[in-house]
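Trainee: Each chain is listed here by its residues.
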Amino acid sequence: MEKAESNNYNITDLMKEEKDLPEGSYKLGFKSVTSRGYRIDEWTGSWVATALVYQIVSGIVLFFYYSQIDPYHSTLYMIDDVPFGHIILTSHLYMAYAMIALVYFHMMRQWFVGTYRGKWRWLQWMLGVVLFLLTIFTAILGYMLANTAIAMAAVHIGILFMQRSVMGRILPGNLINWLEAILIGNYTTPALFSHLLALHVAVFTSLMLGIFVVHFMLFERSGLASDKPKKGEMIPWFPTNLLYAMFSGIVLVGIILIFAAVFPQTLTLAYGSLAYGTFPVPDWYITPVYKLMDVAGYGLGTGGVPLLIGILMFIFLLPFIDRYHNKGVLERPWITAFGIFMLIGIAVMTVWGYSQPGLSQTRLMTLYLWWTITFISFITVYAMRFAKRDGELIENN
Amino acid sequence: MANDKNYIPEPEKRAFLKGAGLSIAALMIGGLSVERYVVPKDRGVPVMDNFPLAILEDPSGNRITTDDVIKYAAASPSSTSTPILVFNYPLQDEPNFLLVLKGVKITTPDRSLVPSSGYSPIPPSSKAPMDGIIYTSYGGSNYSIIALSGICQHLGCVPPFLDYHPGNSIPFESKLIGYQENAPNTPAQWPNYGLIYCKCHGSQYNPQWGGRNLYNNGPAASPANHSLPQIMLATDSNNHIYAYGINSSNAVIRTHLQFPNGETYGSQVKSEDLTGGTAIRTSRSPTAYPSSLVTGDITSSSSAKILSTSSLDLNANSSGIILYRTSVVSNENVNGMDWKGSFSGSTSNNKL
Ligand code: FES
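Chains A and B supply the protein sequences, listed in that same order.
Residues in the first sequence are numbered consecutively from 60, following the numbering used here.
Residues in the second sequence are numbered consecutively from -14, following the numbering used here.
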């Protein structure tokens, strides 16, 4: 049984000088790994990074044509009149979807494998959660930019959340006013879209990039969680590791471009238009949160917002909540059960939110739903543990 | 430890942490105090002094009359979603429903239908009168024309998410969350002249009660807890329709709660409704404003209320009242009947 590594909370250790360098020097290294490090599940992070790079490049192209004065029509213009505009816009959207899906994948993989402990991995995990939130926020900002009916609904919801949710009630009024002014300015159409654009392309993106660099460097510092460096067996970072990352990234971009070419994006209704029969639904990565509001509060009458904050805090503090001594999936039954709970919960909420957005549910229904998911999550983990132990017993006899 | 060359002495570490803590605190306090420098000066300031007097036009710029609206509504079946008519007021991008309640004359909400408990949001002392509605007689029956905000009082969803279901056709979603059309003990809860239902999170409003929010005490509570703002309407002698204000006994337009703890009802409603947005367009013929307007029953002068536009609380300059205009749009085609000027504006953009 593999023991979990212990955390190093002494951040100043990060500033430790390298022994082989002159005194006072620091090194940001790219580490070599053993061949085990080339397993596909060790590369979830590299795809997220590829997605980020692709979003920046395609985003710059789109930025050339976007106009905050006439957001809807400039988006139409990109689709209809800019050379390759339609495929760039569509791939920007699909890569955003892929990025969010990959972030989930990356996160759940670390969750189950338990790589968020040891060295500075706890810090890397926490920054990762921040990156996860930034990714979602950036995506939502991008989705607001087109001035479609659903985009403006999202803007309204954003403003009202600031004013009326827990946030607006706890934080001082002038701070909220400031935050709101950052989001919407004085709320005229050009001001609103200039602000959304600046936040989407500059503010959130630079934050994301900055934190990503730290997240990545911490990874290079701590190394692969499951890799045991051995003398003579290491594969050099350059060029193998780099090329591997680039080629797997190119495959991802290729897949997205194929999807973008086959299923070009159609722009939904403009804000203010009324056509029936085309009822836009929020993007899939929002529907779980959206549905969570309908099935609010675990059936406890707490409302969806506290539940959401609770779940996020749990994820954020996971490295400290997980106090199991061992590393394996089944050696950490509660953590794994919560992971399964997350997986089922997100999937159920996404599909349900997509098929019945905004349909309030009765408390009883909500209660059944949440407790069933909880029950299933725990029962699977304990059943597997039982089966494993049983197997071991049989083997030993 | 001490002979490790990377060893950083305790006091230095403490100083570093102290410094970091102080800087963060300073940033936060500084952030609060510079609020007035980073927030634009025109933020939170109304864009006009008073509600605009706006004439309702079709998308091609022709003035519409009460007859146009009623004809359009009469052509639609009453069992499904009606062709919703929407216009912006008091500012741009502030949609409102122009609703026609068939077969009923409404001057004040029927108080006898309003249950005495469970509908707390409207203060009991205020009557939320249906002031400014127009009703007339067309083809032998009565129609009431009212205008209610198309911005949901929960989280601000707009048409087509917020939708009007005419007659007593209760939307499927609404039934699904537990209301039965003919439940013996709740008949009074059912709107007789349509329901405004929000597909976003299920808020429900009764247009017959002045946009009052329904079912806060239902099995699945309506998330909104305020009534829809009501736009006051009037006509001139040519039966042209004007919007001239917002009933302050209803709530402020939901997306206009400019500050946390801003007023939802009462004296601040006007300035809040007029804050944060862009004024609608002014009339191409600025001199063509009416001297008097009528609200109430335009076919029988006894119950009509004459408003002198000069005495109304409106924007005026030295040459008189400024007349604004706003387009009434609809989804394209209902039962073969196009809305005037065949609204082709934004919907045609959806066909890519
Ligand atoms: S926005 Fe209408 S119910 Fe939530």
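Since the hints were derived computationally from the structure, they do not count as laboratory data.
Don't take every hint at face value.
Stated by the list, open to error - Partial selection, computed: residues in chain B whose CB lies under 8 Å from chain A: (1) Pro(-4); (2) Lys(-2); (3) Arg28; (4) Cys185; (5) Arg239; (6) Gly262.
Stated by the list, open to error - No farther apart than 27 Å at their CA atoms in a straight line, the calculated lysine-lysine pairs in the BS3-like style are these: (7) B:Lys290 with A:Lys178; (8) A:Lys447 with A:Lys290; (9) A:Lys178 with B:Lys3; (10) A:Lys86 with B:Lys(-2); (11) B:Lys290 with B:Lys87.
Note that the structure is a prediction, hence the values are computed from the model and not measured.
Glycine residues also receive a C-beta, built at the ideal position from the N, C-alpha and C atoms.
Trainee: Against this structure, judge whether each hint is valid.
Mentor: Hints, verified against the model:
{"no.": "1", "hint": "Pro(-4)", "verdict": "violated, 13 Å"}
{"no.": "2", "hint": "Lys(-2)", "verdict": "holds, 6 Å"}
{"no.": "3", "hint": "Arg28", "verdict": "holds, 5 Å"}
{"no.": "4", "hint": "Cys185", "verdict": "holds, 4 Å"}
{"no.": "5", "hint": "Arg239", "verdict": "holds, 7 Å"}
{"no.": "6", "hint": "Gly262", "verdict": "holds, 6 Å"}
{"no.": "7", "hint": "B:Lys290 with A:Lys178", "verdict": "violated, 79 Å"}
{"no.": "8", "hint": "A:Lys447 with A:Lys290", "verdict": "violated, 35 Å"}
{"no.": "9", "hint": "A:Lys178 with B:Lys3", "verdict": "holds, 24 Å"}
{"no.": "10", "hint": "A:Lys86 with B:Lys(-2)", "verdict": "holds, 21 Å"}
{"no.": "11", "hint": "B:Lys290 with B:Lys87", "verdict": "holds, 22 Å"}
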